[in-house]
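Engineer: What follows is the residue order along each chain.
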Amino acid sequence: SQQGEEDPQALSIQEGENATMNCSYKTSINNLQWYRQNSGRGLVHLILIRSNEREKHSGRLRVTLDTSKKSSSLLITASRAADTASYFCATDSNFGNEKLTFGTGTRLTIIP
Amino acid sequence: DVKVTQSSRYLVKRTGEKVFLECVQDMDHENMFWYRQDPGLGLRLIYFSYDVKMKEKGDIPEGYSVSREKKERFSLILESASTNQTSMYLCASRGPRDFNQPQHFGDGTRLSIL
Chain B
9 SQQGEEDPQA
19 LSIQEGENAT
29 MNCSYKTSIN
39 NLQWYRQNSG
49 RGLVHLILIR
59 SNEREKHSGR
69 LRVTLDTSKK
79 SSSLLITASR
89 AADTASYFCA
99 TDSNFGNEKL
109 TFGTGTRLTI
119 IP
Chain D
3 DVKVTQSSRY
13 LVKRTGEKVF
23 LECVQDMDHE
33 NMFWYRQDPG
43 LGLRLIYFSY
53 DVKMKEKGDI
63 PEGYSVSREK
73 KERFSLILES
83 ASTNQTSMYL
93 CASRGPRDFN
103 QPQHFGDGTR
113 LSIL
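If you're matching them up, the sequences are chains B and D in order.
Using this note's numbering, read the first sequence as starting at 9 and increasing by one per residue.
Using this note's numbering, read the second sequence as starting at 3 and increasing by one per residue.
Heads up, some of the hints might be wrong.
Lysine-lysine pairs mimicking DSBU-like chemistry, simulated, CA-CA at most 30 Å apart [claimed, not checked]:
id	chain 1	residue 1	chain 2	residue 2
1	B	Lys107	D	Lys57
2	D	Lys72	B	Lys107
3	B	Lys107	D	Lys55
4	D	Lys59	D	Lys5
5	D	Lys59	B	Lys78
6	B	Lys64	D	Lys5
7	D	Lys20	B	Lys107
8	B	Lys107	D	Lys5
Each pair of labels, with its calculated beta carbon distance range [said to hold, decoys possible]:
id	chain 1	residue 1	chain 2	residue 2	range
9	D	Asp109	B	Ile21	20 to 28 Å
10	B	Val52	D	Asp53	24 to 32 Å
11	B	Val52	D	Pro41	15 to 23 Å
12	D	Arg11	B	Asn30	28 to 36 Å
13	B	Ile21	D	Arg16	37 to 45 Å
Keep in mind the hints are simulated off the structure, nothing from the lab.
All residues carry an ideal CB built from backbone N, CA and C; glycine is no exception.
My request is simple: use the sequences and hints to build the entire structure.
Structural biologist: Below you can see the structure in the form of structure tokens.
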């Protein structure tokens with residue numbers, strides 16, 4: 009499997025419910041980032057969590073990081089129709105280069 | 003806000019043509035990146051540049067080259083376009099060599115090679 013692999017691949021929920029997406033990775037990291045991509049558009053950065061952090065909040069977003077399990081989760085609370093998008097995690101390794109490694113994404117659909 | 007602008011949203015070219023994709027950022031970022039995005043494969047790094055005239059290969063550089071003559075501009079070149087290069091191409095930039103910064107993306111160029 010790829011570094012930064014999201015689970016599930018697709019998720020459909022009712023508006024107002026919470027959405028949880030998971031990401032697993034393989035190598036040691038400096039940080040892990042989550043991005044959103046609306047259909048046909050570029051990626052928008054949502055939140056970054058450093059390797060020494062365990063949880064981070066930004067508005068309706070909550071990200072957790074478990075470096076012992078090499079996994080992260082993104083929780084979107086009180087979902088809205090505008091949250092419909094693809095969500096990607098990306099890992100920034102600690103091997104000293106500029107490269108981010110992206111997963112294949114979770115397609116989230118919010119049903120009004 | 004950082005703005006990353008890709009010259010075309012949609013582009014159609016023919017097999018064998020030399021294709022130029024242009025990307026400009028307005029935040030004086032040192033680092034710029036080219037990715038391609040294909041269904042089921044996520045984003046794959048083609049090339050990146052950490053300074054003017056500097057470049058490094060990413061995961062899939064074959065069939066591509068890049069040019070960084072000015073700090074704000076990073077060009078991706080398909081030397082002889084082939085149908086398997088039909089894809090969504092995304093450009094990104096990032097600030098100084100500080101690993102705790104996000105990348106900022108353009109809106110992408112959807113390239114079709116016929």
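Engineer: Is it true that arginine 11 of chain D and asparagine 30 of chain B lie within 28 to 36 Å of each other by Cβ?
Structural biologist: holds (32 Å)
Engineer: Indicate whether the distance between the beta carbons of valine 52 of chain B and aspartate 53 of chain D respects the range 24 to 32 Å.
Structural biologist: holds (26 Å)
Engineer: Between lysine 64 of chain B and lysine 5 of chain D, does the CA-CA distance stay at or below 30 Å?
Structural biologist: holds (26 Å)
Engineer: Check the hint pairing lysine 59 of chain D with lysine 78 of chain B against an upper bound of 30 Å on the C-alpha distance.
Structural biologist: holds (27 Å)
Engineer: Would you say the C-beta atoms of isoleucine 21 of chain B and arginine 16 of chain D sit inside 37 to 45 Å of each other?
Structural biologist: holds (44 Å)
Engineer: Holds or violated: lysine 72 of chain D with lysine 107 of chain B, Cα cutoff 30 Å?
Structural biologist: holds (21 Å)
Engineer: Given the hinted pair lysine 107 of chain B and lysine 55 of chain D, is their Cα-Cα distance within 30 Å?
Structural biologist: Roughly 18 Å separates the two Cα atoms, so the pair holds.
Engineer: Within 30 Å, alpha carbon to alpha carbon, are lysine 107 of chain B and lysine 57 of chain D?
Structural biologist: Cα-Cα ~12 Å, so holds.
Engineer: For the range 15 to 23 Å, tell me whether the beta carbons of valine 52 of chain B and proline 41 of chain D fit it or not.
Structural biologist: For valine 52 of chain B and proline 41 of chain D the Cβ distance comes to about 20 Å; the hint holds.
Engineer: Just to be careful, I want the Cα atoms of lysine 59 of chain D and lysine 5 of chain D compared with a cutoff of 30 Å; is the pair within it?
Structural biologist: Holds, at roughly 24 Å.
Engineer: Given the proposed pairing of lysine 20 of chain D with lysine 107 of chain B, does the C-alpha separation stay at or below 30 Å?
Structural biologist: holds (27 Å)
Engineer: Please verify whether lysine 107 of chain B and lysine 5 of chain D have alpha carbons no more than 30 Å apart.
Structural biologist: The given pair, whose Cα atoms are some 20 Å apart, holds under the 30 Å limit.
Violated hints are absent here; each numbered hint is respected by the structure.
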